[in-house]
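> Sequence:
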Amino acid sequence: MKLFKNIFIVSLILFTNGSFSQEKIIKSVEKDYDNFAYIKTTEVLLKVAEKGYRSVELFKKLANSYYFNNNLKEAAKWYGYLMRMKDPTLDPEYYFRYAQSLKGIEEYEEANIWMAKFFKEKPEDSRGRAFVNNVEYLSDIIKDDQDIDLINININSEYSDFGGTQYKNQLVFASTRGKGKRYNWNEQPFLDLYYANKIDLGEYLEEKKYSKEVNSKFHESSAAFTADAKYMFFTRNNYYKKTYKEDSEGVNRLKIFKASMLPNGEWGGITSVHFNSDEYSVAHPSINKAGTVMYFASDMPGTIGLSDIFRVEINSDGRLGVPENLGNVINTEGEESFPFINAKGDLFFASNGHLGLGGLDIFVARNFEDKYKNGDKIFIDNLGKPMNSSFEDFAYAEDQESVEGYLSSNRDGGKGDDDIYAFLIPECKPILDGIVKESGKNIAIVDSNIKLFDNKGNEILTMKLEDVYRFVLELECNKEYLIRADKKGYVGVEKRFTTPSSTNSLLIELFLDKDEHLISEGDDLAQILDIPIIYFDFDKYNIRYDAQVELQKLLNVLKEYPNMEIEIRSHTDCRGTVKYNKSLSNRRAQSTMQYLIENGIASNRLKAIGYGESQPVNKCNCGGDINIKTSIKDLALVKLIEEDNINFNKVIEADSIKFYGTREIAGTKSGYYIIGNVYSRNFYFKKFMQSLKEKGYSPEYFTNRNNNWKYVYLEYFDTWQEAVASYKSKIDGNYQDEMWILKVDNGDLRYDHLQANGLSNKDDNSDASNAKEKITYHNFQDTQGVKSGYYLIANVFKSKTNAIKFIEILKQQGLAADSFFNPTNNFTYVYIKRFDSFKSAKIASQSKLEGTYNKEIWILKINGIGDVECSEAEHQLNRRSEFIVTKM
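Reminder that position 831 of the sequence shown reads as 831 in our numbering, one-by-one numbering, no gaps.
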């Protein structure tokens, strides 16, 4: 019996008045409905329905009566009737409840249909977003099933028993098995706290009622004890000092009370915690092992959904601090309740807002307390079967002094309404089974060296495989590691992996390439060792982690050949000034050399030279002499429009953007996705997702049902411009690996943002001349000494003096204005910024340089004689590092 849930749903129940006799009958039970007397309500409403009466209001109340009393089979039946009424004003929340009810009877495919409708009607709701981003959630949950035996404890009754907490050698739990006044909700007695002495796992002596000071004539449940046994916190109705209180709507809410251990060994001195209120509920406390923090559930102001999980500091004198909402990683628009924090700092809780098997499921946030304290990324996992079922599963708890745990559930096969189940907590020690082989031949390699690192690059262990090729390591669950193998005569290899959340074996094969390269003076080690571009953050010269991984190859070679000397050569492409590129490449070469020195390579073996843009490997050219193609008498009056050349039907790599085209993917929200990777195999998909989570990212994914591939994405945007901006910034500098943009268009893509930015709302290849707000554009050739590109022109002057004065005005406004002179017409062009691509220039023009310049500007394209139009990939060939062997 989920009392907390029952109290909270009052805000969701809606009523309307009717005019027919049957509607008067419906109206007659509203008092019972308001007071949560759902057993009685159901009986009356069923009689109305049996007479053949049909109405939206009847089906709402009847379905809700079953839903909130956890009879999901009947709830699904009556919600089905409600959906067939096709009421256009129906609250989308009913779609969610119908989907949950269908899950409760394991009709998952039908439930998915209604979850998709829920998302369509309420796309901002995190529950719907979670579903559309993981429509294959069911297989993921089932795959993580655990080998655990649940024991229905011997003292469960025919009534509701739940919320077992181990205190010393006693199990303290809530039950309705007592006699006396019955609660209207389910016609069972009010809850009291009971205790029973433990004999063995799942075996207890006869239960007895807990302290008379704690139990009252109303509900008590969910006890929590501090480790020093000084204080006990528990849930009770708003009944204190023999005074019963209700909120402004006539609902008696729940509160948390604190009892102190008296010198006589009894609980007493009961007080109400300071953040209790008559207007909202506070319930289900759990206290961490240190006794410094209490977690609880509430619908107090600031709650995200029906109920949320909060935390509050506990002072040394037992006083409580200010409650904090745990945020939207834990909490959803649904119900989160029954928190439990174990000795490791793992936070368990029940939820119907996160993706589950039906009803309430139990979830866990591993290492929550440390991650919350340090501000690290927190991830949520469904415990899977058998801990969860299609029924209500909640009130997870552990005996902090043993390996035993408890949960409560109303699943089939129980003794009563809710039952308590005991189990042994499985030890999580995943086994890494590693094999070293030679690439291409699949031949085992013996005598290799193995090193294991944590996710921060700290070395954990190193070992030599003497006469063997296989090794076994016992690791920790849910941890990211990097393993490296090397052997003389082979090129070293490394793999990053994440251990599972259960005790399973993890097979990793490490393939070493035979080192068959004959190195001689003049060779480039970058090519021999397959070292790609050494990346640096913008305008910085420190060696990033991804570059360190590549430079490890170079370090190994330099250490293996102690007499080898090399020259480090750094090159740039032609974009930017010659002087700047020369300086930049020199600093980066010096930074690379310094890194090698700091890692044990003598400085007299190294030489660093920056060549700037002076040694391109192709014919890409960013400037040159330019010929006039178009004769324009007065450039300030002529407005030409260039077609928007963004092609959404093939991969493009212009202007540093990788675009993967347009896809129609059913069940996926239309828009622009920053894709990190695509997988056809679930094993590698889950590894990649876990590795991103361990690095602090929040990856999501969707499945393309046309090919069953999973697309892992880092961010989603409504507009191309937003996606481009995020891509170029490497997601605000946080993501350095390969990514690309994918456009999903299922025929419902909104184009309002395109119209607002002056683009056609017909398709992405439309002529910009049809745009609502046209882009002023000029195509020019032959402006001597001016670098090719797209210029944002602010004005054109015949007088150079006036041009200079105008530039000074722009600079006073914080704009980096400059100019060039066209000798063919004697005009001076004042521009605010230059771009390598039309797309970038257009975005800047449409945004008015991000709102920094509101006057008229237009785009001028300069084409140089002999220029080769280069893609970003071709420019990248010129941005390279070389490691030339100068002495062996």
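One should not assume that every hint holds.
Stated by the list, open to error - Using C-beta positions, here's what the derived DEER-type ranges look like:
#	residue 1	residue 2	range
1	Gln846	Gly733	23 to 31 angstroms
2	Asn374	Pro88	45 to 53 angstroms
3	Lys344	Thr89	45 to 53 angstroms
Claimed, not checked - Cross-link-like lysine-lysine pairs, in silico, DSSO-like; alpha carbons within 30 angstroms at most:
#	residue 1	residue 2
4	Lys686	Lys429
5	Lys743	Lys800
6	Lys415	Lys456
7	Lys464	Lys488
Note that these hints are calculated values from the structure, not bench results. Note that CB positions come from ideal geometry on N, CA and C, so glycine has one too.
> Given the hinted pair Lys743 and Lys800, is their alpha-carbon gap at most 30 angstroms?
With a Cα-Cα distance of about 47 angstroms, the restraint between Lys743 and Lys800 is violated, given a limit of 30 angstroms.
> When you take the CB atoms of Asn374 and Pro88, is the distance between them in 45 to 53 angstroms?
Check passed, 49 angstroms falls within 45 to 53 angstroms.
> Holds or violated: Lys415 with Lys456, Cα cutoff 30 angstroms?
violated, 50 angstroms
> Holds or violated: Lys464 with Lys488, Cα cutoff 30 angstroms?
Answer holds: Lys464 to Lys488 is near 12 angstroms, not above 30 angstroms.
> Is the gap between the beta carbons of Gln846 and Gly733 within 23 to 31 angstroms?
Taking Cβ atoms as reference, Gln846 and Gly733 lie about 24 angstroms apart, which means the hint holds.
> Holds or violated: Lys686 and Lys429, Cα atoms, limit 30 angstroms.
holds, 19 angstroms
> Is 45 to 53 angstroms right for how far apart the beta carbons of Lys344 and Thr89 are?
Hint holds: Cβ distance 48 angstroms, inside 45 to 53 angstroms.
In summary, the numbered hints that this structure violates are 5, 6.
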